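Enquirer: Fit chain Z to the known structure of chain E by using the hints.
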Amino acid sequence: MSGWAQFKAILRKDLIRELRTRDMLVSMILFVLLAMIIFHYAFTVKEGADLTYFTGGMLWVTFIFAMLLGLNRSFAQEKDEHCLDGLLLCPVDRVTIFFAKTAGNLVFLLIIQAVAVPVFALFFIQRGFLGDLLPFLAVLLLADLGICSLGTLLATISMNTRSRDLLLPILFLPLIVPLLIAATGATTLVFAEGVGFGSVGARLLFLLGFDAVFLVAAWGTYDFAIGE
Amino acid sequence: MKKLLSAPALFAAAGVLLVVGVVLAFWYSPIDASSMGFSQKILYYHAPIAAAGLVAYGVAFVAAILYLRSQDMKWDRLGYVSVRIGLLFSILVMATGMIWGKAAWGVWWAWEPRLTTFLLACFLYAAYWVLRSVVDEEQRRATYAAVFAIIAFIDVPITFFATRLLPEGLHPVVIGPGGGGMEGSMAVSFGICMLGMLMLMAALIRRDLAIEDLKDRVTDLKTSLGG
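Line order of the protein sequences matches chains E and Z. The end of the first sequence is residue 235 by the numbering used here, with every number in the run present. The end of the second sequence is residue 225 by the numbering used here, with every number in the run present.
Only true hints are included.
Keeping only pairs whose Cα atoms sit at most 25 Å apart, straight-line, the calculated SDA-like set for lysine to any residue is:
id, chain 1, residue 1, chain 2, residue 2
1, E, Lys86, Z, Trp127
2, Z, Lys213, E, Arg169
3, Z, Lys72, E, Ala224
4, Z, Lys100, Z, Arg112
5, E, Lys86, E, Leu22
Hints listed in this document are in silico derivations from the structure and should not be mistaken for laboratory results. In this text the structure is predicted, and so the values were computed from the model without any measurement.
The shape of chain E in the complex, shown without the other chains:
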C-alpha cells in the first residue's frame, strides 16, 4: 500500500470508530456548550455587559480543553484495546500514522467547532459578523492544525507513561501558549473590531510558521515518540 492509501485507511478507521460510538464527540460538544454558560456568568460583571472583547479568549480556552479531553480519549482507546500494537506491527511508516492521527483529530475538532461557533456567536457577539467570517476561518484552520499536530505528538508520548491523561495538559499547555496568544488576539480583533485580513496578517503568518515548525519537528521525532 502506498503512503497515501495507508494514511486514508488509518483516518477512515478512526472516523468510523468514532461515528459508531460517538462517545468522544458527544462529550466534547457538551463540554464546549457548558463552558460557554460558565464563561457567561464568570465574565458578566454587570447586567448586560458586552463580552465581545472576551470572545477570543473564551473560544480558544474552550477548544484547547475540549481537545485535551478528546486526545486523551482517542489514545486511551487505542492503548487499552491494543489497537496501536496492531498498527505498529503493520508495515506502515510511523510518520504516516502521525499524519493520519493528526488529520483524525482535526476532523473531530472541526466538527465540534461547526456546532460551537454558531452557538457562541449567538450568545456573545453583539454585532453583525458575517462579513468577518473569512479571516476568522483562516485563524481557525491554522490554529486547529497547530493544536492537533502538537497534541497528537504529545498524546502519543503521554499515553505511554504512568500518569497518562494527567501528564498531557502539563506537556501540552506551556507549548501551545504562543499559538493561543496569536489565535485569541486575532479572533478578538475580528469579532470585536471587525478588522479584515490586513490587521490580522501578522498573527496569521505567525500561526502558519508555528504549524510549519511543529509539523516538521513532529515529523522528525514521531518515530521515537511512538516507540518500538
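Expert: Leaving out everything else, chain Z in the frame of chain E:
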C-alpha cells in the same frame, strides 16, 4: 587542559570573575543615565543569568539530538543535568527580574515579553521533569525526554516572538536594534559578569554530571553486592 576545565577550576574562575565583575559594576561603571539610575546595576547579573540559562537549555537541546542519533545514555544524562541547571537559572532570572521590576517600574510583576518567556520556559522544563518521573523504563524515559527537550527548546523563541505580538513592552532594549547601547566601562563589567556566569553554569553542569556518575556507581556496587 582537562584539569583546567574540571569543575573545581571552573568554579574558582567563575567565582573570581563574578566578584571582580560586581566590584567593577558598582565602583567603576557609571550610574545609568536613564530613568533607571542605580537600580540598573542588577543588569550585570540579571542578563548574564538569563544568557546562561538559555545556553544550558541549548546544551540540553543538542544533547537530545545526539541521544536520539546514538542512543548513548551519556547524552541523556547531559541533557537531564543541563535542564536542571537551566531551570535553576530561569528561576533566578525571574527573581532578579522581579526585583528590578519593583525598583524600575514599581511593580513586582509585569507581563513583559522576556519575563513571560522565562516564566513559560520554567513551566516547560518543569514539565520535562514531570515527564521523566513518570516513565520507569530507562531507554524509553531517555527517548521521551529527548523528544520533549527538542520541542521545548524550539518553543522558547516562538513564545518570545508571540509575546511581542502584543502592544509594546516595558523592557529596556539594551543591546540590539534601537537599543541604547552600553558605555565602554559598562560593557567591560558586563562582559566579565557574563563570562563568569557562563563558567558557573558549565561548572555546575560538570559537577552534576560527576554526581550522576557516582550515583550510577553506587547502584552498580549495590547490585553486585546483591542488594
